[in-house]
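Turn these sequences into a full structure, and let the hints steer you where they fit.
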Amino acid sequence: MAEVLDTQKHTDAYASHGIEAIAVDAVNSDAHRSLFKAREKIHPKRVNGTFRRVKWAVMALTLSVYYITPWLRWDRGLNAPNQAVLIDFPARRFYFFFIEIWPQEVYYITGLLILAAVSLFLWTALAGRVWCGYMCPQTVWTDLFLVVERAVEGQRNERIKLDRAPWGFGKLRKRVLKHAIWLVIALATGGAWIFYFADAPTLAKQLLAFDAPAAAYICAGILAFMTYMLGGFAREQVCTYMCPWPRIQSAMMDEHSLLITYRLDRGEPRGAHKKGEPWEGRGDCIDCKQCVAACPMGVDIREGLQLPCIQCGLCIDACDDIMTKIDRPRGLIAYDTDLNIARRQRGETPQFRLVRARTIAYGAVLVLVGAVMAFALLTRRDFDMSVLHDRDPLYVKLSDGNIRNAFTVKVVNKARTGRAETVRLEGLSGATLSGIGLIDAGDGTVHIPVDADTLQAARILVTVPRASLAGERTPIKFVDSVPDEDKSVTVDSAFFGPAP
Amino acid sequence: MAGKSPKIDSVTGVEIREHEWDGIQELDTPTPRWWLWVFLACCIWAVGYWVVMPAWPLPSGYTKGVIGWSQRANVVRDLADLAETRKPLESQLMTADLSDIEKNPAIFEFAVASGRAAFKENCAPCHGSGAQGALGYPNLNDDDWLWGGSLSAIQQTITHGIRNQDKESRFSEMPAFLRDGILTRAQVDDVVEYVTQISGQKADAAVAKRGAEVFGQNCVSCHGSDGRGDRSVGAPNLTDAIWLYGGDRASIRQTVSYARNSSMPSWASRLSPATIRALAVYVHSLGGGEPEIAAVPGPKAP
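Sequence lines, in order, name chains A and B.
So in our numbering, spot 178 of the first sequence is number 178, and the numbers just go up one at a time.
To convert, count from 1 in the second sequence and add 1000; that's our numbering.
Hints are computed from structural coordinates only; laboratory data are not their basis.
Computed from a predicted model, the values in this text were never measured in an experiment.
Careful: at least some of the hints might be erroneous.
As the list claims (entries may be wrong) - Within a straight-line C-alpha distance of at most 27 Å, the following computed DSS-like cross-link-like pairs (lysine-lysine) qualify:
| hint | chain 1 | residue 1 | chain 2 | residue 2 |
| --- | --- | --- | --- | --- |
| 1 | A | K41 | A | K161 |
| 2 | A | K178 | A | K161 |
| 3 | B | K1087 | A | K37 |
| 4 | B | K1120 | A | K410 |
| 5 | A | K161 | A | K171 |
| 6 | B | K1103 | B | K1120 |
| 7 | A | K174 | A | K161 |
| 8 | A | K274 | A | K205 |
| 9 | B | K1103 | A | K414 |
| 10 | B | K1087 | B | K1120 |
| 11 | A | K161 | A | K37 |
| 12 | B | K1103 | A | K410 |
Okay, here's the thing in structure tokens:
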């Protein structure tokens, strides 16, 4: 203990308000953290209140989404997987409810990542590290691991006592139980992840029968190990040392961003307070350190905004509880802005500006990217074509003097039924199309039969009379269409011949 | 050192080394524990590796390791596995009727893929990587065939070759009309003019008329009375736009005077029947392949 504040006088002062005196250091705050020191374990104190309830709800929601999603079914008809969300690597398909994405459409995933990034920017500009404090898997799983720790080893004081206690049967029993539950959660976490990559019920049966592919066990094992390490041991160090987001996010915040703030204009000067003493000439902070004890990151919010603070709101709950007990207004620690602290100190009224240039810009980018993605998704075709000119040889002279070029054409059929795609050539007079496996439609076009949900490669031979070539290179277009649809795919290419 | 108690850094609690450079001193920080353990684990691993895997060079070879792992043996096994996986399609390719191969996508794609690979390895040096040919080496993409462009004709040509020691090789020999004294220089010039004319190029009609007589007496037995050639003897069609040795007067004069008679090796002893069949399918698929019925068309009647 670097600091021993709980002298008898202080203890009495807190007792007069019915508050337990706590000896706690903000071991991970910017002021105390040192790269030369070994990590000091943090024992967060349980708090109750609005933000704790919000966090419970978010935890329940995010964990449910994570564990349940692979089990949702979605009927796509015969010969297609019926898993709602599935990343099918062997078949190279990504299924998301009614959306099916092929590898060449991976830009939709890019768009999704851009959307995620920009929405992260927007939230951060509006209300700080909302993601870190409530939704980040590291926060959620650490919280879950803490629930287990608390259930097995007891509240903060008991946990500290247990840490210091010599090894005995009782300590061993609690430790084994805690780690066993952690490992079960970790295995369930790693196990749930792999269900996104294969048919969940099938894989579950295989896993239990020790019949699943080695990759499944290895992936689940690695993820389980990471969950166990990050949630059980690394905890706040992940946010403090490993994660890049705390370093980036400060660029998105400004003086108008709502941040979890200790209102020093109201709290200072702080000091112990005995029930019945006047409040005049001092701040509302009684320096009870409940906010520090509650903090899972081991910071002291009263030192101001700092890197390890994930803005989870638990110190607000802790402080509000105290403010109620000492009969002062709640909100000594609250979502507030740096600007308002300064304004209050100058005697001005607080000002909230959620709509400002920064948030408008982020919002506009969000809407724009979302609109582009939605448009692309709604107007996308269920067929496609690519054309590659054969280069070896570039052209072939035939016995009657005609010139022939060969093209490797790949047609894609994303429909659930097989069909024939029609390929037409534009830009060359007198051209005839032929090829092995193609059906000559008789009107100058060829039909390429394609099975359902697959890609068919075909070699199209294009023959033209020498006279219809004006130069060595004639620009042409291939047009791909399917029956009963207005859409078509046009691919630019070129026809090569000898120099005239 | 002796007698002196070490200086301890107040921040880290680590000993300070004695050496001093311009007032800068170093901490004697011990190696991190995790690093030490990883290092020791690697040492133990290495010892185990020597025992299990091939490791130490010896004058007479090397230590083989207890599991007998060998890169060479792995390659042999992988190649055997590959041959095993190809077997079903290969046997289908061998048993399928030639005219049915293109109708069966599975066999066709297998044949084209393996044929393409075999072509690049064995045929490309003469016929070019894309089978585009060169002067004296036929372009296999076009529709002009010396010995026939059906699958069976191509297969026959690849198997036994042209003008070589193979007993079943395709064979014919064009006389060197000038060198062997069959024709005079003037007669050669006349027949060259005639060939230029029937191939659709500009020619002196009077000279060509004289040449037609020479052609009728010396060339029709192989090239046909209309000059369209005869595939049974590998005589090229002289009326089309494709020339193996060039279609200008100088080239034709060279051909008539000294003959060409190039050869192609027999591949039966070097390639497996399945590879030859795959090659035939590949060459046939390039664009000039002819249907089976028209395998060996005789010279057209005048």
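Verification of the hints:
{"no.": "1", "hint": "K41/A <-> K161/A", "in the structure": "holds, 13 Å"}
{"no.": "2", "hint": "K178/A <-> K161/A", "in the structure": "holds, 16 Å"}
{"no.": "3", "hint": "K1087/B <-> K37/A", "in the structure": "violated, 66 Å"}
{"no.": "4", "hint": "K1120/B <-> K410/A", "in the structure": "holds, 23 Å"}
{"no.": "5", "hint": "K161/A <-> K171/A", "in the structure": "holds, 10 Å"}
{"no.": "6", "hint": "K1103/B <-> K1120/B", "in the structure": "holds, 25 Å"}
{"no.": "7", "hint": "K174/A <-> K161/A", "in the structure": "holds, 13 Å"}
{"no.": "8", "hint": "K274/A <-> K205/A", "in the structure": "violated, 64 Å"}
{"no.": "9", "hint": "K1103/B <-> K414/A", "in the structure": "holds, 24 Å"}
{"no.": "10", "hint": "K1087/B <-> K1120/B", "in the structure": "holds, 22 Å"}
{"no.": "11", "hint": "K161/A <-> K37/A", "in the structure": "holds, 22 Å"}
{"no.": "12", "hint": "K1103/B <-> K410/A", "in the structure": "holds, 19 Å"}
Of the numbered hints stated above, those contradicted by the structure are hints 3, 8, listed in ascending order.
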